[in-house]
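Add chain B to chain A, keeping to what the hints say.
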Amino acid sequence: MARVVVDVMPKQEILDPQGQAVATALPRLGFAGISEVRQGKRFELEVADDVDDATLAQIAETLLANPVIEDFAVRRVEA
Amino acid sequence: MSAKIGVITFPGTLDDVDAQRAARRAGAEAVPLWHADADLRGVDAVIVPGGFSYGDYLRCGAIAKFAPVMGEVVRAAGQGMPVLGICNGFQILCEAGLLPGALTRNSALHFVCRDQWLKVENNTSAWTSRYDAGAELLVPLKSGEGAYMADAAVLDELEGEGRVLFRYAGDDPNGSLRGIAGITDARGRVAGLMPHPEHAIDPLTGPTDDGLGMFLSVLDVLVAA
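Sequence lines, in order, name chains A and B.
Take 376 as the starting number for the first sequence in our numbering and just add one per residue.
Take 780 as the starting number for the second sequence in our numbering and just add one per residue.
These are calculated hints, taken from the structure and not from any lab test.
The beta-carbon is built from N, C-alpha and C at its ideal position, and this holds for glycine as well.
Be aware that one or more of the hints could be misleading.
With a straight-line cut-off of 27 angstroms between C-alpha atoms, the simulated DSSO-like cross-links for lysine-lysine are [to be verified]: (1) K898(B) x K416(A); (2) K386(A) x K921(B); (3) K921(B) x K898(B); (4) K386(A) x K416(A).
If you want the footprint, here are the derived chain B segments under chain A, 3+ residues with CB under 8 angstroms [stated by the list, open to error]: (5) 784-795; (6) 886-892.
In isolation and in its complexed conformation, chain A is listed as follows (with noise of 0.2 angstroms):
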């Protein structure tokens, strides 16, 4: 077994409204300097030895990120 994570984030041109609520909050917090906030998903998956990388990447782009708003990245990680 082999632990994928899977970051999907909304592409740098779409309005991110969540992110910037928080980065309107964080000057109000006291938290100064911190000019941009992206919110974005991060999915972690438990995969068999035998799946590879291309069907981690179908996976990736038919389920679990929209590629007309979303980018997204696979990275196998460490179990």
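Showing chain B alone in chain A's frame:
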């Protein structure tokens, strides 16, 4: 024999009964369709209604696109069957690739629930022929992820081909690009919109009966066929 309009129910669908009622009010026979059945039961058109299919747990419409019934809807749409997606149904049709773009969180992050004025931009599609071009309709809007997004090339293509069906009149309630509330596919047969025409078919229960025109429009197409 009256035309048959199928209305899909997914787990978490809310507006299927209203959509069936709207189809009947327009003069069609409403046929319930179940998400797990890969069978359209001989219907002539399909409505994908609003709600929260599969809880919208992953992303609005993302899981529904894999439902067995949606495979049939995609196949039938490819053969020209009229399909209408309302609210969550619009999100599902975008996720399924029947319509371009995607719906994202409202720009103000709040769920919007109000009666909304819409301007009819295209009255030549299968679902809008009963309206005058430029007419303004008042129908309910109730959604948290209703901001229409697509890249500039897709938006220009939609505008250039007259595929924007409805635009929000007055303030843009959710940050949709270019105020887009509803669009259609290249053939004018598959349509999607965020506001709810099926909740505005009788002034007794809605703000107006302005929404009924969408269901009457498609019946014109089906009866003529």
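Hints, verified against the model:
no. : hint              : in the structure
1   : K898(B) x K416(A) : 36 angstroms, violated
2   : K386(A) x K921(B) : 26 angstroms, holds
3   : K921(B) x K898(B) : 17 angstroms, holds
4   : K386(A) x K416(A) : 12 angstroms, holds
5   : 784-795           : violated (count 0)
6   : 886-892           : holds (count 3)
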